[in-house]
Amino acid sequence: MSMIAAFYGGKSILITGATGFLGKVLMEKLFRTSPDLKVIYILVRPKAGQTLQQRVFQILNSKLFEKVKEVCPNVHEKIRAIYADLSQNDFAISKEDMQELLSCTNIIFHCAATVRFDDTLRHAVQLNVTATRQLLLMASQMPKLEAFIHISTAYSNCNLKHIDEVIYPCPVEPKKIIDSLEWLDDAIIEEIAPKLIRDWPNIYTYTKALGEMVVQQESRNLNIAIIRPSIVGATWQEPFPGWVDNINGPNGLIIAAGKGFLRALKATPKAVADLIPVDTVVNLMLAVGWYTAVHRPKSTLVYHSTSGNLNPCNWHKMGVQVLATFEKIPLERAFRRPYANFTSNNFTSQYWNAVSHRAPAIIYDFYLWLTGRKLRMTKVMNQILRTASMLEYFINRSWEWSTYNTEMLMSELSPEDQRVFNFDVRQLNWLEYIENYVLGVKKYLLKEDMAGIPEAKQHLKRLRNIHYLFNTALFLIVWRLLIARSQMARNVWFFIVSFCYKFLSYFRASSTLKV
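If you read the sequence shown in the numbering used here, its first letter stands for residue 415, the second for the next number, and so on.
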C-alpha cells in the first residue's frame, strides 16, 4: 500500500493554477491514486462565454482524465470550483467561499503564476509575488492546514552558475517593490524595471525569485516547501506518454522545427536541455506534500526537479530526435542532414533571422494572396522568432543544480511509493521520451492524423527546397552585386572560374590517356 496515496485520502486540497498544464496533471494524479480524497478546491476565473462549471467540465472531458473516470466515477462531485481573481485583493473570493476554504483546507499546492517572459513588472509582481503573500496570509488562518507547497522555477536564480537548494536573497526587498507599485505609474515602472531585474534575464525569473523570498519571510510557522522545476515538458509515463496541451517553451519550437518553419536557432549545441517531464514534477510535488505534512521539517526545504545533473541531454541531441520523429527517418540519417544542426551557433545572426526566415515567409504569403487564401506565414514566423529570441538566454547556457533534498526524499520513500510516485529522472530514456513528446505534440496540439506521416514528409521536403532555393538566389544576388562593385570580388571570381576550368581540362586529359 502506498503511504503517499493513503495520506491524501479524505483530504481537502486547494490548488491554484489548476487550469494550467501542471495543475491539470496534478489533479489527474491525485484522483487516480487517491480516489477517496474529500475534495479539490480550484480557484478559477471565468473565461469569455464559459462558466466555472463549463471550464471544469471541459478539463474533465479531455483525454487526460480518461483513466480517472474508471477509478473515480464521481470525479465531477469532488471538484469544487471557486471564483477567484489573483490580481484582486483577497482574490475577490466571496465570504462564504472564503470561510469554507479557511475552515476545511488541509493541503495547498500553489501552482498559479504568470510565465510570460515579456510581461509587465506590475502584472508579474501582482501574480507571482503579491498573490503568493496573500495566499500565505490565508494559509495562516487555516487551522487544519498541514502543508503549503509553493511551485517556483529552477531558473529563479539563473543569474548564478551553481544553484543550491536554498532561498537566495534579492537586492531589493519584495515588500518595498509591492508598496512602490501601488503609487508609481506604469511609465515609471517600465523605466525602472531593467534596473530592478539587474542580471536576471527577464521579469518572470526575477519575480519568481521575489516570490521565494516572500515565502521565506511570510511563512508564519507554516509547514512550507518550495519545488523548483526546470523546463516542464510532456508526460513521460503517466497517465500515458507524450501528453501536452500548450505551446509554451520548447513546444512551439518543436512544432516550428518539425514543420520546417524554423531552420536555424541561436544556441549552444552542447548546452544541457534541462527538460523535466510534467508527471515527474507532479510525483515530486505529491511526495513533498506528504513529507512536509508528516515529518514537519524545522525549516523551509527547497527541492530541485531538474534533469541535467543526473541525466543530461543537450539541445543538439534533442533537435536531431525531433527531426527524426517528424520525418520518420532513422536517427543516424537525421544526424547527417545538413540542417540537423539547427541549434548550432554557426548558422545564426540577426541577419539570418531577418532574411532567411522572414523573407521566405513573405514570399509564401504573397503566393497565398495570389491564390485567394488567408495570409498567415509571416505572422507565424514572427511569433516563432519572438519565442526563439526569448528562449535564447536559456538554450545557450547550462546550470548546475544540487539535488540533495530531492535525493534525500527519494530515499525516504518505500519501494511501493518509489514506483507509484516515481521522480527518479535517471531512469528516463531521452530518445524514447523525445519521440513520444513529438508524437504527443502532433496528436494533442496539432490534432494531426498519425497516419499522415508521408504527407508531412512531403510538406517538409517542399519547405526545405524553398529554403535552399531562396538561399541560393540570395547568394547569387549578393555575389553579383559584389562583382559589380568590388575589384577584389571580380579577381576572386575569375580565379575560381579559371581554377575550375583547369581542373576539368586536367580531368578530361587524364581520362583520355587512360582510354
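Derived from the structure by calculation, the hints contain no laboratory data. All C-beta atoms, glycine included, are put in the ideal place defined by N, C-alpha and C. Wrong hints could be hidden among the right ones.
As the list claims (entries may be wrong) - Derived DSSO-like pairs: lysine-lysine, alpha-carbon spacing no greater than 30 Å straight-line:
#, residue 1, residue 2
1, K712, K590
2, K575, K481
3, K861, K731
4, K857, K477
5, K731, K857
6, K589, K712
7, K680, K712
8, K712, K793
9, K684, K731
10, K680, K609
11, K477, K712
12, K680, K509
13, K916, K481
14, K558, K509
What the hints assert, rightly or not - Here are the simulated distance ranges between beta carbons:
#, residue 1, residue 2, range
15, R811, K589, 22 to 32 Å
16, A601, K558, 42 to 52 Å
17, I592, F780, 32 to 42 Å
18, D578, Q468, 20 to 30 Å
19, K509, N843, 50 to 60 Å
20, A601, K481, 43 to 53 Å
21, N905, F780, 21 to 31 Å
22, R530, N723, 24 to 34 Å
23, K509, M822, 16 to 26 Å
24, Y807, Q631, 23 to 33 Å
Comparing the hints with the structure gives:
For the hint pairing K712 with K590, the CA-to-CA distance comes to about 28 Å; that is within 30 Å, so the pair holds. As the CA atoms of K575 and K481 are separated by approximately 41 Å, the hinted pair breaks the 30 Å bound. For a cut-off of 30 Å, the pair hint linking K861 to K731 stands: about 26 Å separates their Cα positions. With a C-alpha separation of about 11 Å, the suggested pair K857 and K477 falls inside the 30 Å cut-off, and the hint holds.
Distance restraint check for K731 and K857: the Cα-Cα separation of roughly 22 Å lies within the 30 Å cut-off, and the hinted pair is therefore satisfied. At roughly 25 Å between alpha-carbon atoms, K589 and K712 fall within 30 Å of each other, so this suggested pair holds. Between K680 and K712 the alpha-carbon distance is near 45 Å, which puts this suggested pair outside the 30 Å criterion. Proposed proximity of K712 and K793 is contradicted: the alpha carbons are some 52 Å apart, above 30 Å.
Note on K684 and K731: the hinted pairing holds, with a Cα-Cα distance of about 8 Å set against a maximum of 30 Å. At roughly 26 Å between alpha-carbon atoms, K680 and K609 fall within 30 Å of each other, so this suggested pair holds. At roughly 41 Å between alpha-carbon atoms, K477 and K712 are farther apart than 30 Å, so this suggested pair is violated. With a CA separation close to 51 Å, the supplied pair K680 and K509 exceeds the 30 Å bound.
Restraint check: the Cα-Cα separation between K916 and K481 comes to about 72 Å, which exceeds 30 Å; the hinted pair is violated. Restraint check for K558 and K509: satisfied, since their Cα atoms lie roughly 19 Å apart, inside the 30 Å limit. About 31 Å separates the C-beta atoms of R811 and K589, a value consistent with the hinted range of 22 to 32 Å. A C-beta distance of roughly 46 Å is found between A601 and K558, which places it inside the suggested range of 42 to 52 Å.
Hint check: I592 to F780, Cβ distance near 50 Å, so the stated range 32 to 42 Å is violated. In this structure the supplied range 20 to 30 Å is violated for D578 paired with Q468, their Cβ-Cβ distance being about 44 Å. For the pair K509 and N843, the beta carbons lie near 52 Å from each other, so the given range of 50 to 60 Å is met. With their beta carbons about 51 Å apart, A601 and K481 fall inside the hinted range of 43 to 53 Å.
As the Cβ distance of N905 to F780 is approximately 38 Å, the hint placing it in 21 to 31 Å is violated. At roughly 28 Å, the beta carbons of R530 and N723 sit within the given window of 24 to 34 Å. For the hinted restraint 16 to 26 Å between K509 and M822, the CB-CB distance of approximately 42 Å leaves it violated. Between Y807 and Q631, the C-beta spacing of about 28 Å keeps the proposed range 23 to 33 Å intact.
Going through the hint list in order, the structure does not satisfy hints 2, 7, 8, 11, 12, 13, 17, 18, 21 and 23.
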